[in-house]
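Visitor: Protein chains in written order, with numbering that gives the first Met the number 0: chain L, 0 to 235; chain X, 0 to 93.
Calculated directly from the structure, the hints in this document are not laboratory data.
If you're wondering where the values come from, they're calculated on a predicted model, not measured in any experiment.
Using N, Cα and C, we set each Cβ at its ideal position, and we do this for glycine too.
It is possible that some hints are incorrect.
Cut-off 16 angstroms, straight-line C-alpha distance, at most; resulting in silico cross-link-like pairs (EDC-like, lysine to aspartate or glutamate) [unchecked claim]:
| no. | chain 1 | residue 1 | chain 2 | residue 2 |
| --- | --- | --- | --- | --- |
| 1 | L | K2 | L | D134 |
| 2 | L | K127 | L | E12 |
| 3 | L | K15 | X | D56 |
| 4 | L | K2 | L | E54 |
| 5 | X | K59 | L | E12 |
| 6 | X | K24 | L | E12 |
| 7 | L | K2 | L | E12 |
| 8 | L | K127 | L | E54 |
| 9 | L | K2 | L | E82 |
Chain L stretches covered by chain X per the calculated footprint, using a threshold of three residues with CB under 8 angstroms from any CB of chain X [stated by the list, open to error]:
| no. | segment |
| --- | --- |
| 10 | 3-11 |
| 11 | 21-32 |
| 12 | 214-224 |
Reference excerpt, derived from the structure (chain X facing chain L, CB under 7 angstroms, subset only) [unchecked claim]:
| no. | residue |
| --- | --- |
| 13 | M0 |
| 14 | I8 |
| 15 | T48 |
| 16 | P62 |
| 17 | S79 |
The residues making up each chain are set out below.
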Amino acid sequence: MAKEPLIRALRGERIKQIPWLPHIGTHAAQLLDVSAERYLQDAELLARGAVLCSERYRCDGIPLLDDPQMEAIALGCVAHWSEQGPPSIVSSPLYALSPEQVVAHLPPLPDETTGRWPSVIAAGIRAKPELERRDVALVGIAAGPCTIAYQLRGMALFRDLFRHPECATRLFAYAGQVSAISARIYAEVIGCDIVAINDTPSTMLQPAYFRQYVLPNLQKAWQVIHRAGKTSSFWA
Amino acid sequence: MAGSGAHSIALDECMALAYVGEIAKAHHTGFIGNFHVTAALFEGTEDPTADVQRCIDEGKRFPGYIFGLGGPLTRHIRLSRLEEAVAAYYVRRR
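Here chain L stands alone, though its shape is the one from the complex (with noise of 0.2 angstroms):
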């Protein structure tokens, strides 16, 4: 286990050894013998988790929180949840709206109060001294700009991008100030060492709707973790 390696070679750099870095998923309810419901929400279990996985899996990272769906549930999209992996959001308030009403219904922006924040926060205070102590880097995986837009919109986004462009860019807009707002409480509040954007649904949009809709909303999320001396990657 060994942090320093695995960031120089996040930034690039030929490392001798090859670092690991494993995408965790919902695994450790598994190791932890309780329901990824229950894991997901619960700081201690959260904390827990991630410290049992990196000594197992002898890694040199690890996230502390691998839930995509973390974010839309704070703005008010209602999940459903699963014994087996991250919930999935089945309704939205901005749904049933027509393209001209989405952007005065956006949810306020979260911050470090809103939704399972305080959860999440909590179980990074208690994991990071651990992982420090075994030379672990704490990871903290924010949703990116298209997982949230998507989210919140469902499949009418895919139409409103071409349909409706006005309302596309201004949600993808406001999803990557949240994307940036998940970013500043990883890096800064919890200190993870490194901060990832995962936005495995931009990979379904053409590269000129990437370039249009998903990179400038990704800029804000970079600088916050790189002003605070942190490390960044995209995961799709």
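Knowing the structure of chain L, use the given hints to seat chain X on it.
Guide: Relative to chain L, chain X alone:
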């Protein structure tokens, strides 16, 4: 993605790791990947050590390579298969 401004990128197992490595090198970023979780860690017949070998062989040709998974783990995988993969990584990581 590699030119988005992040220090590094991670892509799923659908991408050829050597191709990702070439792009990452061109952009001076690190890259993480991309052990095939679904094929190797459930009840499949694929040998998990063979996919570790694929990752290491393709990834180590480029600077900034980090061994990682092509997707997140779920709650119920075959622990023995993951442990086998991690053991194979430790043997091959140099």
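Visitor: Assess, step by step, whether the Cα of K2/L is no farther than 16 angstroms from the Cα of E82/L, and give holds or violated.
Guide: violated, 32 angstroms
Visitor: Below or equal to 16 angstroms on CA atoms is what counts here, so check K24/X against E12/L.
Guide: Holds, because 9 angstroms separates the two Cα atoms, which is no more than 16 angstroms.
Visitor: Assess, step by step, whether the Cα of K2/L is no farther than 16 angstroms from the Cα of D134/L, and give holds or violated.
Guide: Holds. K2/L to D134/L sits at ~5 angstroms (cutoff 16 angstroms).
Visitor: At least three residues with a C-beta closer than 8 angstroms to a C-beta of chain X: is that true for the segment 3-11 of chain L?
Guide: Coverage by chain X holds for the segment 3-11 of chain L (5 residues, Cβ < 8 angstroms).
Visitor: Minimum Cβ distance from T48/X to chain L below 7 angstroms?
Guide: Cβ of T48/X sits 15 angstroms from chain L, so the hint is violated.
Visitor: Please work out if K15/L and D56/X have their alpha carbons no farther apart than 16 angstroms.
Guide: Measuring from Cα to Cα gives roughly 14 angstroms; hence the hint holds.
Visitor: Please check whether M0/X passes as an interface residue: C-beta within 7 angstroms of a C-beta belonging to chain L.
Guide: Result: holds, 6 angstroms to nearest chain L Cβ.
Visitor: Under the criterion that the straight-line Cα-Cα distance not exceed 16 angstroms, is the pair K127/L, E12/L satisfied?
Guide: Violated: K127/L and E12/L sit about 25 angstroms apart, past 16 angstroms.
Visitor: Do three or more residues of the segment 21-32 of chain L come closer than 8 angstroms to chain X, measuring C-beta to C-beta?
Guide: holds (count 8)
Visitor: Are K2/L and E54/L close enough, with their CA atoms no more than 16 angstroms apart?
Guide: holds, 14 angstroms
Visitor: Against the 16 angstroms threshold, does the CA-CA distance of K2/L and E12/L hold or violate the hint?
Guide: holds, 14 angstroms
Visitor: Answer holds if the nearest beta-carbon of chain L is closer than 7 angstroms to that of P62/X; otherwise answer violated.
Guide: holds, 4 angstroms
Checked against the numbered hints given earlier, the structure breaks hints 2, 9, 15, 17 and satisfies all the rest.
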